[in-house]
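Visitor: Okay, here's what each chain looks like letter by letter:
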Amino acid sequence: MTTQETHHAIEITGLHKWYGDFHVLKDINLQVPQGERLVICGPSGSGKSTMVRCINKLEDFQRGSIVVDGIPLTDDLKRIDRVRREVGMLFQNFNLFPHLTVLENCTLAPVWVRRMPQREAEELAMHFLARVRIPDQAGKYPGQLSGGQQQRVAIARCLCMNPKIMLFDEPTSALDPEMIKEVLDVMIDLAESGMTMICVTHEMGFARTVADRVIFMDQGEIMEINTPDAFFRNPQTDRAKEFLGQILSHGFDETAG
Amino acid sequence: MYVKTERHPDLAPPVLEAGALAWARKNLFSSPLNTLLTLFGLWLLWATVPPFLSWAVINANWAGDGRAACETLPGEQAGACWVFIKIRLGVLFYGFYPEPERWRIDMAAIQLFAALAPLIAASLAPGRWERGLVLFPAAGALAVLALCGPVPGLVAAAFLLAPSILCRVDFTRLTVRLPTNPLLRAALAAGVFLGVRYAAQTFMPKAADSLAIFSLVLLFLAATMGKAGPTRWRLSLLVFVFPFISFWLLLGDAFGLPHVATDQWGGMSLTLIIASFGMSTSLPLGILLALGRRSTMPVIRSLCVAYIEFIRGVPLISVLFMASVMLPLMLPPGTTFDKLLRALVGMSIFYAAYMAEVVRGGLQALPKGQFEAAEALGFRYWRAMRLIIMPQALRVVIPGITNTFLGLFKDTTLVAVINLMDILGVVKSALADSQWLGFTKEGYLFAGFAFWVFCFGISRYSMQLEKRLKVKR
Ligand SMILES: Nc1ncnc2c1ncn2[C@@H]1O[C@H](COP(=O)(O)OP(=O)(O)O)[C@@H](O)[C@H]1O
Ligand SMILES: [Mg+2]
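Residue numbers (my numbering), protein chains in the order written: chain A, 1 to 257; chain B, 258 to 730.
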């Protein structure tokens with residue numbers, strides 16, 4: 001897909017992060033090849049969001065390095081801009097802009113950040129809205145849509161910026177069960193198109209069908225990196241076993257697939 | 258076991274007790290205390306309203322053109338003398354602006370009205386007016402044409418009808434071509450500024466500076482508006498272009514108009530000028546201060562906190578005094594600093610501090626995720642603020658902004674302490690006229706009524722705006 005197959009999409013080396021005295025991320029090392037679908041799971045408060053948010057510099061980190069698509073992340077604003085152009089991000093609570101229509105939500109960044117003419121941006125937005133299967137909602141405001149629809153708009157909004165990498169931070173955990181599937185379907189569709197995806201999720205069905213690798217995090221550390229099959233069938237650490245036990249007993253499994 | 262076999266039908270909601278009597282019983286006489294209060298209220302109305310109406314309307318003197326018209330004949334009940342106001346109407350509105358030049362104020366007022374009317378109409382009856390909205394500007398342009406002559410008419414037409422044309426232009430095409438490098442941008446702005454200033458030196462030297470600033474404002478508008486609807490254009494032209502038009506119009510010394518010094522300005526027009534200047538500067542300044550107060554940079558944050566807390570701690574009168582007495586002392590001797598300008602500066606720095614706190618309230622109401630989403634999409638700070646954060650934050654605090662605006666509007670009367678003749682000042686000077694002694698009531702009632710009309714208008718408009726924006730969420 002790209003001309004530079006030599007470097008990884010994301011390379012994290014020796015990453016440490018503190019909130020004040022609290023050591024949130026401890027010695028994270030991770031290479032994500034281009035086109036890989038990576039699922040991150042782990043108990044609440046284990047630092048999954050923090051790690052993912054470091055990748056597009058929504059969070060600062062104190063030690064270690066992150067290289068995104070060959071661009072080392074530093075405090076330099078230019079570089080951060082370049083990285084953010086490559087990386088799209090989905091949030092748990094969608095974070096659509098409530099004062100703009102769905103279409104305007106999608107065209108805002110292409111017009112003002114990518115400096116695309118309005119007309120062109122609208123065509124692009126309609127294209128992606130069709131791809132997430134809600135072209136008919138373009139004129140509505142986010143508040144008038146269901147959670148599942150809002151998250152799909154958020155995906156379309158990301159895609160309009162033509163990212164090479166997408167980060168998902170628990171995109172379905174704020175949704176009612178009947179809406180989870182519609183969002184996961186769109187994500188599976190994306191995965192099949194070859195997008196590099198890093199996805200914090202507890203949707204085990206999704207992880208099984210889509211993920212190339214699964215990462216298990218606990219207390220700011222990566223405890224296990226494995227294939228989904230191996231991880232779900234036979235987790236190596238006690239914490240992972242315990243965690244999977246809890247997840248399965250709560251019936252999260254097999255919601256998608 | 259219970260199994261429901263039939264669906265319950267949807268019923269109409271129960272009809273509440275109807276009729277005037279039922280309403281009165283429920284709202285006016287529901288308890289002994291309530292009944293007592295109702296009776297007291299009725300007595301109060303009976304005791305005050307009829308006498309006032311008989312004085313202000315029924316027995317009032319409306320016709321005539323001199324003191325004699327208002328003499329109370331023996332046996333006649335005393336009535337208000339509106340003749341006094343009628344004769345002074347010119348001074349009350351224009352102050353001591355020279356009579357042959359008063360059309361300039363008229364023209365600014367018509368333009369202001371014609372620019373505001375579509376905005377107000379659109380918010381009062383959204384949707385229904387959209388097609389007819391262009392009528393107001395057209396009528397305004399025609400009125401200027403008829404009252405003030407062909408050249409002012411053309412200027413007004415250009416200004417008032419521009420939104421309908423500009424909304425068809427896609428300025429993002431221009432935005433895309435402008436340099437992104439801040440240095441290049443500054444150079445471009447400086448080039449435009451100096452170029453226009455140099456060119457203007459030859460044909461309109463006295464207005465060269467204002468023309469150069471105006472060209473910068475136009476450049477800014479063109480660069481930032483993108484493809485906007487007619488309403489946004491109308492608002493932007495009102496805020497960014499109209500002030501320049503009225504500045505040249507009222508002060509003169511440009512476009513062949515004779516100079517009218519600001520100490521000749523006065524009356525309601527002066528009140529409106531101070532109020533609208535105060536409103537349109539205090540809001541943006543307040544926004545900057547509010548952002549500064551939330552900044553992560555300690556120096557900027559503490560400067561903003563110090564400014565806000567200092568200004569909020571002193572009365573407006575002392576700020577006006579300081580602007581009037583201290584500023585000239587601080588400036589190098591010989592620089593003249595217009596008295597009106599001092600009042601304007603004093604008003605806006607004072608109200609900016611209040612506005613900052615109102616805006617900060619709105620910023621705090623927004624979830625952090627909004628800014629993060631903007632950042633993740635690649636927006637830098639200022640653009641995220643302008644396009645995403647501020648539109649939402651300001652929406653939340655419309656009631657607070659309105660409140661501050663109303664306070665500002667009424668506080669314009671304090672400019673009297675630095676000897677500016679706002680409407681209250683003009684009323685006072687009219688009351689001191691030895692020919693017309695004893696019409697205090699009429700004078701102050703008129704001034705109060707004038708304030709009420711504008712303040713009520715502002716407050717209604719804000720309520721409508723709030724309602725309309727709420728629908729969208
Ligand atoms: N802004 C913050 N300040 C201080 N501590 C934080 C902040 N954000 C998160 N944390 C803490 O960092 C830890 C990791 O948080 P997070 O990355 O959100 O976990 P996860 O997404 O895995 O549930 C948690 O213990 C949380 O309380
Ligand atoms: Mg999280």
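Honestly, the hints are just simulated from the structure, not real lab data.
On a predicted model such as this, the values are computed, not experimentally measured, just so you know.
Keep in mind that a hint or two might mislead.
Derived Cβ-Cβ restraints for the label pairs, each shown as a range [claimed, not checked]:
| id | chain 1 | residue 1 | chain 2 | residue 2 | range |
| --- | --- | --- | --- | --- | --- |
| 1 | B | Leu435 | A | Asp75 | 38 to 48 Å |
| 2 | A | Asp238 | B | Leu440 | 16 to 26 Å |
| 3 | B | Met579 | A | Pro135 | 57 to 67 Å |
| 4 | B | Pro624 | A | Gly45 | 28 to 38 Å |
| 5 | A | Asp75 | B | Leu451 | 31 to 41 Å |
Facing chain A, a subset of chain B residues (Cβ under 8 Å, in silico) [what the hints assert, rightly or not]:
| id | residue |
| --- | --- |
| 6 | Met258 |
| 7 | Asp267 |
| 8 | Ala419 |
| 9 | Ser421 |
| 10 | Val433 |
| 11 | Gln627 |
| 12 | Ala633 |
| 13 | Leu644 |
| 14 | Arg652 |
All residues carry an ideal CB built from backbone N, CA and C; glycine is no exception.
Visitor: Tell me, in ascending order, the numbers of any earlier hints that this structure violates.
Guide: Those not satisfied are hints 1, 2, 4, 6, 7, 8 and 9.
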